[in-house]
Structure formats: structure tokens, C-alpha cells
Amino acid sequence: MNGKALPYLLLMPATLFLCIFFLYPFVLVAFEAVTRDGVFTLDNFRTMAASWKFPATVRNTLLLAAIVVPIQLAMALLMASVVSRLETGRSAALYIFAIPLGISDLAAGLIWLAIFDQSGFLNTLLSGLGIVDRPIMFLGYQSKLTIFIAVVLAEIWRATAIMMVILVAGMGLIPKEYYEAAEVFGAGPWKRFMRITLPLLRPSLQTAIILRVILAFEVFAVVAALGGTNLPVLMGETYNWQFTLQDRNVAAASALLILAMSIGFTLFFLRVLRVPKEARI
Amino acid sequence: MSTVAETSAAATTDARKAGDWLLVATALLLCIWVLLPIYLLIINALSSPQDVTGFPKRFFPSFDLGSLAFFINFAGVARALWNSVLVATLTMILSIGFGAPAGYALSRFDFPGKGVFRFLVLMTRAFPLPLLALPLAVMFIRTGLDDTALGLALVHTTLALPFAVLITFSLFSGIPVELEEAAWTLGCTRWQAFRKVILPLALPGIAASAVFAFTISWNEVFAAAVLTIENRTLTAFLLQSLGESPLYLKFAGGAALVVPALIFIFAVRKYLFAMWGIANR
Numbered sequence: 001m002n003g004k005a006l007p008y009l010l011l012m013p014a015t016l017f018l019c020i021f022f023l024y025p026f027v028l029v030a031f032e033a034v035t036r037d038g039v040f041t042l043d044n045f046r047t048m049a050a051s052w053k054f055p056a057t058v059r060n061t062l063l064l065a066a067i068v069v070p071i072q073l074a075m076a077l078l079m080a081s082v083v084s085r086l087e088t089g090r091s092a093a094l095y096i097f098a099i100p101l102g103i104s105d106l107a108a109g110l111i112w113l114a115i116f117d118q119s120g121f122l123n124t125l126l127s128g129l130g131i132v133d134r135p136i137m138f139l140g141y142q143s144k145l146t147i148f149i150a151v152v153l154a155e156i157w158r159a160t161a162i163m164m165v166i167l168v169a170g171m172g173l174i175p176k177e178y179y180e181a182a183e184v185f186g187a188g189p190w191k192r193f194m195r196i197t198l199p200l201l202r203p204s205l206q207t208a209i210i211l212r213v214i215l216a217f218e219v220f221a222v223v224a225a226l227g228g229t230n231l232p233v234l235m236g237e238t239y240n241w242q243f244t245l246q247d248r249n250v251a252a253a254s255a256l257l258i259l260a261m262s263i264g265f266t267l268f269f270l271r272v273l274r275v276p277k278e279a280r281i
Numbered sequence: 001m002s003t004v005a006e007t008s009a010a011a012t013t014d015a016r017k018a019g020d021w022l023l024v025a026t027a028l029l030l031c032i033w034v035l036l037p038i039y040l041l042i043i044n045a046l047s048s049p050q051d052v053t054g055f056p057k058r059f060f061p062s063f064d065l066g067s068l069a070f071f072i073n074f075a076g077v078a079r080a081l082w083n084s085v086l087v088a089t090l091t092m093i094l095s096i097g098f099g100a101p102a103g104y105a106l107s108r109f110d111f112p113g114k115g116v117f118r119f120l121v122l123m124t125r126a127f128p129l130p131l132l133a134l135p136l137a138v139m140f141i142r143t144g145l146d147d148t149a150l151g152l153a154l155v156h157t158t159l160a161l162p163f164a165v166l167i168t169f170s171l172f173s174g175i176p177v178e179l180e181e182a183a184w185t186l187g188c189t190r191w192q193a194f195r196k197v198i199l200p201l202a203l204p205g206i207a208a209s210a211v212f213a214f215t216i217s218w219n220e221v222f223a224a225a226v227l228t229i230e231n232r233t234l235t236a237f238l239l240q241s242l243g244e245s246p247l248y249l250k251f252a253g254g255a256a257l258v259v260p261a262l263i264f265i266f267a268v269r270k271y272l273f274a275m276w277g278i279a280n281r
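Residue numbers (this note's numbering), protein chains in the order written: chain A, 1 to 281; chain B, 1 to 281.
Hint data in this document are derived by calculation from the structure and do not stem from the laboratory.
Glycine included, each C-beta is placed from N, C-alpha and C at the ideal position.
Check the hints yourself; a few may be wrong.
With a straight-line cut-off of 25 Å between C-alpha atoms, the simulated BS3-like cross-links for lysine-lysine are [said to hold, decoys possible]:
| no. | chain 1 | residue 1 | chain 2 | residue 2 |
| --- | --- | --- | --- | --- |
| 1 | B | LYS270 | A | LYS4 |
| 2 | B | LYS114 | A | LYS176 |
| 3 | A | LYS191 | B | LYS17 |
| 4 | B | LYS17 | A | LYS176 |
| 5 | A | LYS176 | A | LYS191 |
| 6 | A | LYS176 | A | LYS53 |
| 7 | A | LYS4 | B | LYS114 |
Derived list of chain B stretches under chain A, where covered just means 3 residues or more per stretch with a C-beta under 8 Å from a C-beta of chain A [stated by the list, open to error]:
| no. | segment |
| --- | --- |
| 8 | 15–29 |
| 9 | 114–123 |
| 10 | 127–138 |
| 11 | 156–162 |
| 12 | 178–184 |
| 13 | 196–209 |
| 14 | 235–241 |
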């Protein structure tokens with residue numbers, strides 16, 4: 001076999017697949033969003049924006065990401081630091097911290113439903129401690145705030161693992177000598193973390209934040225399980241346009257909005273957390 | 001003089017001990033944070049329907065299989081379970097079948113266009129991929145793939161393929177090319193060398209990334225809910241019955257989603273960090 005052609009032959013199936021099922025649908029969704037019955041129009045976006053739910057939808061999605069991602073970043077850093085300093089039980093702790101990585105967002109929503117439901121474990125605890133007389137309805141249509149809090153907790157619980165794993169891998173790449181040198185010069189643990197770990201972790205931080213923000217815009221099943229339609233988010237509304245309201249074009253417009261937000265934030269974080277080529281390890 | 005040195009040494013060991021305590025306590029607390037919610041779901045899944053809807057809750061399961069029996073016998077559940085397994089298996093085969101050759105090519109050859117392919121793979125990360133199910137729904141209706149396991153598996157493969165490519169790339173990169181060259185000089189053809197020398201070494205890692213692909217598909221909700229109507233997967237079935245199904249059905253379903261995922265993650269735990277660490281470079 002011709003040696004030059006071999007790599008291309010090996011790459012061909014994956015490339016063709018990604019062209020047909022990744023690039024092409026991407027073009028298709030953009031096309032569907034700006035046309036109706038084959039005619040160019042921006043009506044789909046107008047219909048989407050004119051829906052009475054739309055402002056709340058955008059607000060909820062952005063607010064969720066803005067609250068969840070920083071907390072997750074802090075928790076993931078804490079988990080990664082704990083794991084990297086633990087001497088006994090390191091691999092057990094790693095496995096346990098990583099468990100939510102394998103859990104579906106729908107299952108995560110159901111797990112937190114078991115806690116926040118009116119007959120759930122939180123109410124059992126509260127009434128057991130004598131704090132409340134009757135079980136509180138945390139997830140009713142009138143309690144948007146508690147639904148929001150439940151979703152925030154479920155999201156933090158579910159998706160911190162993905163950041164933690166990336167950060168653990170990144171911390172493993174930082175040379176031990178830097179820490180030893182810093183210790184010789186009298187830097188305490190906090191200073192070492194701020195001056196060595198954080199700056200050298202920047203590439204991993206960048207990846208973790210970008211991945212997490214994109215996932216945060218995709219939040220869907222957790223919200224569906226906990227709040228039903230009481231807490232509208234972008235992905236849920238997209239699903240509604242497609243399924244309940246049977247309007248593909250508006251669904252495509254809504255999908256394009258999520259895509260645009262994801263790409264916008266990706267570019268933003270690529271720029272803000274840019275790592276100069278010389279500074280890489 | 002020596003007493004001063006001793007007391008300061010004692011103070012540092014004390015500080016170190018306190019630090020160790022804090023570390024272990026933090027690790028334990030974080031483990032409880034991850035495990036407790038899962039435990040609460042399992043309690044519900046292993047309790048009778050009356051216990052699940054009752055109040056107050058007990059913090060130990062009654063080991064009644066009523067909820068699970070109701071779940072398994074509920075119309076459509078057995079079929080949904082079967083569909084989930086089928087779609088996940090197809091996804092696994094497709095993503096390894098397309099991904100592993102590409103990973104091998106990336107690790108062994110330098111050729112023009114390598115950068116473009118890597119970029120294409122990495123780009124999939126910046127997109128909320130489940131959204132691409134929307135335009136594909138139309139394409140599938142035209143090609144007869146709508147509402148089939150294969151159609152959904154193709155979408156799930158776009159999610160799993162980038163991982164498969166990057167993981168197998170790192171796997172093959174970890175196997176010295178000299179081993180292969182030695183086999184060639186001993187008269188093996190390229191294919192024989194791959195099959196007899198490289199493949200046995202890479203097989204455990206390939207199996208791990210196959211399990212990972214299976215888990216991605218098993219857990220996916222949005223695309224599954226958009227693309228399947230009659231042949232719903234378990235996630236799609238649970239999502240669409242959230243509104244009307246009783247609590248014990250939801251929790252038993254949640255447990256049915258979580259338990260296999262726990263086993264999968266346990267099976268690939270050794271590779272988890274290598275995968276994510278390298279998959280995000």
C-alpha cells in the first residue's frame with residue numbers, strides 16, 4: 001500500500017462522519033433559522049423574542065451560568081488540591097469525586113428531586129428538627145426562588161467533576177521543583193497556590209471554564225426534572241418549539257442563539273485566559 | 001537554644017498535623033457531598049411506592065422491590081431499556097470504528113492536513129452538539145432513519161467520536177513505534193504488526209474508551225427526546241413522562257439510569273484521568 005495515502009485513508013471515515021453529522025447539520029440549522037418555506041426572513045427570531053417567556057428564559061440561563069460556574073470553579077480547585085495533597089486514599093477520593101461525571105443530567109435532576117420534593121428528604125430533616133410544622137412545597141409554581149436554588153445545587157453537584165478532572169490532570173503537569181524552590185524561600189501553602197498553581201494551571205483553567213460554560217448554556221434535563229416549566233431555560237424552550245409547538249424554524253432560531261452564545265463565550269475566554277506560547281510547560 | 005529549636009519544631013509538626021486533619025476532613029466532607037444524594041435516591045428506589053410518596057421519610061431503605069417492580073412492568077419501560085442499550089452499543093461500535101483508525105493515524109504519521117483534522121475534532125467541543133439533532137430530524141425523515149436506533153446512535157457518535165479519536169491518539173502515542181518497526185524487520189506487514197504487536201497493548205485502553213462512548217450515549221437526554229417517538233430510549237421515556245408519572249416511577253427510573261453509569265465509571269476509573277487530561281490539550 002502507498003505509505004503516503006495511508007494516513008488519509010485512516011482519517012477518512014472520521015472526517016466524512018464529522019462533515020455529514022457535524023458541519024452539515026450546523027449549516028442546516030443556520031439555514032432553517034433564517035428562512036421560512038424557503039424564503040429568507042428574520043421572522044423566526046422575531047417570533048422567538050416576542051414570546052412572553054423569552055426574557056425570563058435568557059435571564060434564567062445566563063444567571064444560572066453566572067452563579068454555577070464560579071462556584072464550581074472554586075470547588076473543583078478545592079477538590080483537585082485536596083486530591084493532589086492526599087497521601088492515603090487518593091485514588092478512592094478521586095473515584096468518588098469523579099462519580100457525577102458518569103451520571104446523566106436527567107438522573108441528577110431526579111436525585112435532587114428526591115431531596116427537594118414536598119415529601120422528600122429535606123422536608124423530613126426540617127420537620128424532624130422541628131424547624132417546620134408542615135412540609136414546605138419547594139418546587140411549586142409559586143416558589144421560583146427555591147426551584148432556582150435546587151437547580152443550582154443539582155448543577156454544582158453534577159458538573160463539578162468534569163472541571164475537577166481537567167484540573168487534576170493539569171496540576172499533574174506542574175513540575176514539583178517549583179514548589180520545592182518556593183518552600184525553600186519560605187512561601188506558605190496559600191502563597192504557593194496563588195503564585196505557582198494558579199498561573200501554571202491557566203491552560204487547564206481555560207479548557208475547564210470553556211467546557212463548563214458551554215454545558216451551562218445546555219442545561220435542560222435538570223431543570224425539567226426539578227422545575228418542569230416553572231423555570232424556563234433556553235434549551236428547554238428550544239425543545240418546546242420543536243416538540244410542543246411544532247415549529248422547526250423557530251426552534252432552529254433558538255438553537256442558533258445558544259450556538260452563538262457558546263461561540264461568543266468560547267472566544268471571550270480564549271482571549272481573556274490566553275496563554276503565551278513561551279509560557280507553556 | 002536547643003529548647004527553642006525543639007519547640008519551634010514541635011509547633012511545625014503541630015501545624016502540619018492540624019493541616020493533615022483539615023485535609024482529611026475536607027476530603028471526607030466532599031465525598032459525603034457526592035455520595036449522600038445518590039444514597040437518598042437509592043433509598044427511594046428500594047422502598048415501596050407507599051413509602052416513597054409517604055412523609056416523613058426514613059433514612060434507610062425498606063428493601064421493598066415494589067417501586068422497581070412497578071417500574072419494570074410499566075408500559076414501555078422494558079422497550080425503552082432495550083432501546084437505550086441498543087443505541088449505546090451502536091454508538092460504541094461507530095465511535096471506536098471511526099475514531100480508532102483516526103487516532104492511530106494522528107499518532108504515527110506526519111502529513112499535511114493533520115492540523116486541520118485536529119482542529120475539526122477540537123471544534124466539536126465549542127458546540128452544544130445535542131442541538132444538531134434538530135436539523136438532523138428532518139434529514140432522517142427523508143432518509144428513513146427517523147425514530148430508529150441507528151439514527152440516534154449517529155447523533156450520539158458525534159458526541160463520542162472526538163473523545164474516541166483523542167483517547168486512542170494518546171493510547172497509540174504511548175506505545176513505542178520501535179516495537180512496530182521491530183515487527184516489520186522481522187517480516188510482518190504493516191497490518192500484521194498492528195494486529196499482533198500494537199493491538200494487544202492498546203486493547204484495554206480501547207475497551208475503556210468504548211465504555212466511555214457507551215456511557216455518553218446512555219446518559220444523553222436532549223437528542224434522544226427529539227429524535228425518538230416510538231423507539232424512545234430510557235432517558236427520553238423518563239423525560240417525556242415527567243409530567244404525569246408518579247414519584248416512585250421517577251426514582252426507580254433514576255436509579256436504573258444511575259446504577260449502570262456507576263459501574264461503567266468504576267470500570268474505566270484507571271483511564272478516566274488520562275482520558276480527560278489528554279483529551280483537553
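Okay, the hints, checked on the actual structure:
Simply put, LYS270 of chain B and LYS4 of chain A have alpha-carbon atoms about 36 Å apart, too far for the 25 Å limit, and the pair is violated. Between the alpha carbons of LYS114 of chain B and LYS176 of chain A the distance comes to roughly 33 Å, so the proposed pair goes past 25 Å and is violated. In summary, the hint linking LYS191 of chain A to LYS17 of chain B is supported, as the alpha carbons are separated by about 19 Å, within the 25 Å threshold. In summary, the hint linking LYS17 of chain B to LYS176 of chain A is supported, as the alpha carbons are separated by about 22 Å, within the 25 Å threshold.
A C-alpha spacing of about 15 Å is found between LYS176 of chain A and LYS191 of chain A, which places the hinted pair at or below 25 Å, so the restraint holds. The suggested pairing of LYS176 of chain A with LYS53 of chain A is violated, with an alpha-carbon distance near 53 Å, which exceeds 25 Å. Distance hint between LYS4 of chain A and LYS114 of chain B is fulfilled; the C-alpha atoms sit about 13 Å from each other, no more than 25 Å. Look at the segment 15–29 of chain B against chain A: 5 of its residues bring a Cβ nearer than 8 Å to a Cβ of that chain, three or more, so the hint holds.
For the segment 114–123 of chain B, the stated coverage by chain A holds: 4 residues have a C-beta nearer than 8 Å to a C-beta of that chain, and at least 3 were required. Counting residues of the segment 127–138 of chain B whose beta-carbon sits less than 8 Å from any beta-carbon of chain A gives 11, enough to reach three: the coverage restraint holds. Three residues within the 8 Å Cβ limit are the bar, and the segment 156–162 of chain B against chain A gives 3, so the coverage statement holds. Counting residues of the segment 178–184 of chain B whose C-beta lies closer than 8 Å to any C-beta of chain A gives 0; at least three are required, and the coverage claim is violated.
Look at the segment 196–209 of chain B against chain A: 0 of its residues bring a Cβ nearer than 8 Å to a Cβ of that chain, fewer than three, so the hint is violated. Coverage of a stretch by a chain is defined here by at least three residues with a beta carbon nearer than 8 Å to that chain's beta carbons; for the segment 235–241 of chain B and chain A the count is 3, and the condition holds.
In this structure, the hints that do not hold are numbers 1, 2, 6, 12 and 13, in rising order.
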